Amino acid sequence: MVQGEYGYLPEEAVCEVSEILGMSSADALAAASFYTMYSTAPQGKYVLDVCVTLSCSLMGGEHLLGYLSNKLGIGVGETTPDGLFTLRAVQCLGSCGKAPVMMVGGRYYDELTPEKIDALLEELRKNR
Amino acid sequence: MRVLFEHIDIPDIDRLEVYRRGGGYKALEKAVREMTPEQVTEAVTASGLRGRGGAGFPTGRKWSFIPKDLSLRRYLCCNADESEPGTFKDRELMLRNPHQLLEGIAIACYAIGAERAFIYIRGEYAEPADKLKTALDEAVECGILGGRIFGSDFGVEISIVRGAGAYICGEETALLNSIEGLRGEPRLRPPFPAVKGLYESPTVINNVETLSNVPHIIANGAEWFASIGTAKSTGTKIFSVSGCVNKPGNYELPMGVSARELIFEHAGGIKGGGHVKAFIPGGSSTPMLTSKHLDVALDFESVAEAGSMLGSAGFIVLSEEVCIVRAVLNMARFYAHESCGKCTPCREGTGWMVNMLESIEAGSGRSDHIARLVDIANNINGRSFCALGDASAQPVLSSIKHFREEYEEHISQRRCPYPSWSFS
Numbered sequence: 144m145v146q147g148e149y150g151y152l153p154e155e156a157v158c159e160v161s162e163i164l165g166m167s168s169a170d171a172l173a174a175a176s177f178y179t180m181y182s183t184a185p186q187g188k189y190v191l192d193v194c195v196t197l198s199c200s201l202m203g204g205e206h207l208l209g210y211l212s213n214k215l216g217i218g219v220g221e222t223t224p225d226g227l228f229t230l231r232a233v234q235c236l237g238s239c240g241k242a243p244v245m246m247v248g249g250r251y252y253d254e255l256t257p258e259k260i261d262a263l264l265e266e267l268r269k270n271r
Numbered sequence: 007m008r009v010l011f012e013h014i015d016i017p018d019i020d021r022l023e024v025y026r027r028g029g030g031y032k033a034l035e036k037a038v039r040e041m042t043p044e045q046v047t048e049a050v051t052a053s054g055l056r057g058r059g060g061a062g063f064p065t066g067r068k069w070s071f072i073p074k075d076l077s078l079r080r081y082l083c084c085n086a087d088e089s090e091p092g093t094f095k096d097r098e099l100m101l102r103n104p105h106q107l108l109e110g111i112a113i114a115c116y117a118i119g120a121e122r123a124f125i126y127i128r129g130e131y132a133e134p135a136d137k138l139k140t141a142l143d144e145a146v147e148c149g150i151l152g153g154r155i156f157g158s159d160f161g162v163e164i165s166i167v168r169g170a171g172a173y174i175c176g177e178e179t180a181l182l183n184s185i186e187g188l189r190g191e192p193r194l195r196p197p198f199p200a201v202k203g204l205y206e207s208p209t210v211i212n213n214v215e216t217l218s219n220v221p222h223i224i225a226n227g228a229e230w231f232a233s234i235g236t237a238k239s240t241g242t243k244i245f246s247v248s249g250c251v252n253k254p255g256n257y258e259l260p261m262g263v264s265a266r267e268l269i270f271e272h273a274g275g276i277k278g279g280g281h282v283k284a285f286i287p288g289g290s291s292t293p294m295l296t297s298k299h300l301d302v303a304l305d306f307e308s309v310a311e312a313g314s315m316l317g318s319a320g321f322i323v324l325s326e327e328v329c330i331v332r333a334v335l336n337m338a339r340f341y342a343h344e345s346c347g348k349c350t351p352c353r354e355g356t357g358w359m360v361n362m363l364e365s366i367e368a369g370s371g372r373s374d375h376i377a378r379l380v381d382i383a384n385n386i387n388g389r390s391f392c393a394l395g396d397a398s399a400q401p402v403l404s405s406i407k408h409f410r411e412e413y414e415e416h417i418s419q420r421r422c423p424y425p426s427w428s429f430s
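For the protein sequence lines, the chains are A and B, in the order given.
For what it's worth, our numbering labels the leading residue of the first sequence as 144, then goes sequentially.
For what it's worth, our numbering labels the leading residue of the second sequence as 7, then goes sequentially.
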């Protein structure tokens with residue numbers, strides 16, 4: 144809920160949640176930092192999670208990551224200066240039959256090609 | 007032979023009305039009206055159903071471990087954390103037939119006397135989670151799931167809990183910690199979850215595919231189920247086929263189908279018409295097999311005999327053009343990333359294996375690296391806190407066993423002899 148509101152988990156917010164839940168702030172911060180879908184730092188409006196695990200890798204997952212990195216002018220783990228996109232390499236998304244796969248905002252985009260990526264980025268830019 | 011996927015092509019099967027028209031929730035009605043909980047457990051035991059999450063433990067026996075003392079609160083957890091590389095069957099089961107799973111959960115709850123069930127679904131599966139939520143709400147609204155099911159004294163409340171991105175949470179005790187809001191680290195066993203699980207109460211944890219089979223067993227009988235597949239691995243199995251094949255996807259087939267049939271008759275053969283170099287039968291945690299093993303029957307016993315595991319049946323095919331070292335490095339990175347950090351062999355060992363594999367793949371490997379990789383893997387395998395550590399050792403050990411010469415080639419040529427890959 145906090146991440147939905149702020150786009151990441153600010154430490155103060157996590158501590159506040161821990162008070163509401165009656166757990167120690169150390170336990171809450173430990174949980175917040177444990178999971179890859181929680182971010183303890185601000186990220187772009189759209190987080191592009193590109194799968195690079197074996198089945199996606201075989202179908203060119205890393206090439207797509209490189210393509211996105213070039214196109215957006217950012218490295219993996221970085222956010223575009225306009226705050227729109229964060230690019231991440233992630234582990235298996237569980238859609239290996241439709242590799243290569245990327246997740247954006249909880250939606251899966253599969254059997255990706257550079258053309259499909261171009262169209263998607265354009266669409267996301269329009270919705271900004 | 008389709009059981010779990012029999013109805014997935016029916017339009018709107020995710021809607022309660024359509025699901026019921028095809029006989030849906032009849033098994034639940036039969037269970038709560040005509041059978042005792044013990045009879046339900048006995049039927050599942052007699053069917054021979056074994057866990058589809060990877061371990062293959064007999065489901066009826068797992069249920070029977072729950073203490074009979076009904077004054078104790080007990081829980082059912084459905085493991086929908088599907089994160090094993092190469093596995094994508096539960097996603098399709100939930101997306102395409104959510105009521106089948108919900109019905110299975112309700113029947114399992116009846117059998118073990120649980121009034122609360124949790125579906126722990128990986129955070130990335132927002133779409134399947136939404137599907138389940140809609141189906142659940144509809145079933146509750148129509149009075150199918152909730153209190154006094156089909157006029158009986160039995161009621162169940164099902165909650166959907168979303169994970170947040172951690173492979174380890176598919177490990178059943180880590181899953182329990184995650185539901186409780188903690189870091190998803192595994193717990194020491196004993197006590198086993200059947201004795202002390204979620205919130206210190208007796209708990210059964212079953213995989214999505216396992217539970218989805220339950221309505222069919224109750225509806226059609228244990229004997230019918232046991233007649234499918236092999237004597238010890240009964241029923242069908244959903245094989246998630248990915249990698250270098252023409253038609254990747256989920257294929258539901260009777261247990262015991264050969265790897266050859268799966269690859270060439272169902273998954274359309276090898277991309278570009280080449281040959282199989284290796285295949286990983288049950289998700290990346292299971293030892294890879296080679297083209298010599300294509301006639302191995304894909305059931306729990308036969309795959310074990312061949313030196314691997316059926317696991318989750320996440321079946322990854324590697325063609326002869328695939329560099330084995332690079333494939334193993336990819337899997338090693340996965341385990342290093344997903345290691346929860348609780349125990350030393352796994353936390354440190356997975357990182358060491360990555361470093362060494364990176365050196366070999368980059369052409370700076372030394373001749374003693376192979377022996378050291380084996381040594382590290384053997385020191386993780388069986389010495390880590392949970393099965394993740396053991397799993398991380400399998401790609402390394404099996405690849406060196408079957409493809410040692412490829413490692414040696416990388417080291418002697420001081421480079422990777424294979425081009426960059428993209429088989430799409």
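Calculated from the structure, these hints are not laboratory results.
Everything numeric in this text was worked out from a predicted model, so none of it was measured.
We put the beta carbon where it would ideally sit given N, CA and C, even for glycine.
Treat the hints with care, as some may be off.
[What the hints assert, rightly or not] Straight-line C-alpha distance at most 20 Å; calculated PhoX-like pairs for lysine-lysine: (1) B:K277 with B:K253; (2) A:K241 with B:K277; (3) A:K241 with A:K188; (4) B:K139 with B:K298; (5) A:K259 with A:K269; (6) A:K241 with B:K253.
[As the list claims (entries may be wrong)] Residues of chain A placed beyond 10 Å of chain B at every Cβ, according to the derived structure: (7) T183; (8) L236; (9) K241.
Verification of the supplied hints:
With a CA separation close to 9 Å, the supplied pair K277 of chain B and K253 of chain B stays within the 20 Å bound. Under the criterion of a C-alpha separation no larger than 20 Å, the hint pairing K241 of chain A with K277 of chain B is consistent with the structure, at around 14 Å. Note on K241 of chain A and K188 of chain A: the hinted pairing is violated, with a Cα-Cα distance of about 25 Å set against a maximum of 20 Å. Pair hint K139 of chain B plus K298 of chain B does not hold up; C-alpha atoms about 45 Å apart against a cutoff of 20 Å.
About 16 Å separates the Cα atoms of K259 of chain A and K269 of chain A, which keeps this hinted pair within 20 Å; it holds. This hinted pair checks out: K241 of chain A and K253 of chain B have alpha carbons roughly 10 Å apart, not beyond 20 Å. With a minimum CB-CB distance of about 12 Å to chain B, T183 of chain A clears the 10 Å threshold, and the non-interface call stands. Under the 10 Å C-beta cut-off, the non-interface status given to L236 of chain A relative to chain B is violated; the minimum distance is some 5 Å.
Not every beta carbon of chain B lies more than 10 Å from that of K241 of chain A, the smallest distance being close to 7 Å; the non-interface claim is violated.
Comparing the model with each numbered hint stated earlier shows that hints 3, 4, 8, 9 do not hold.
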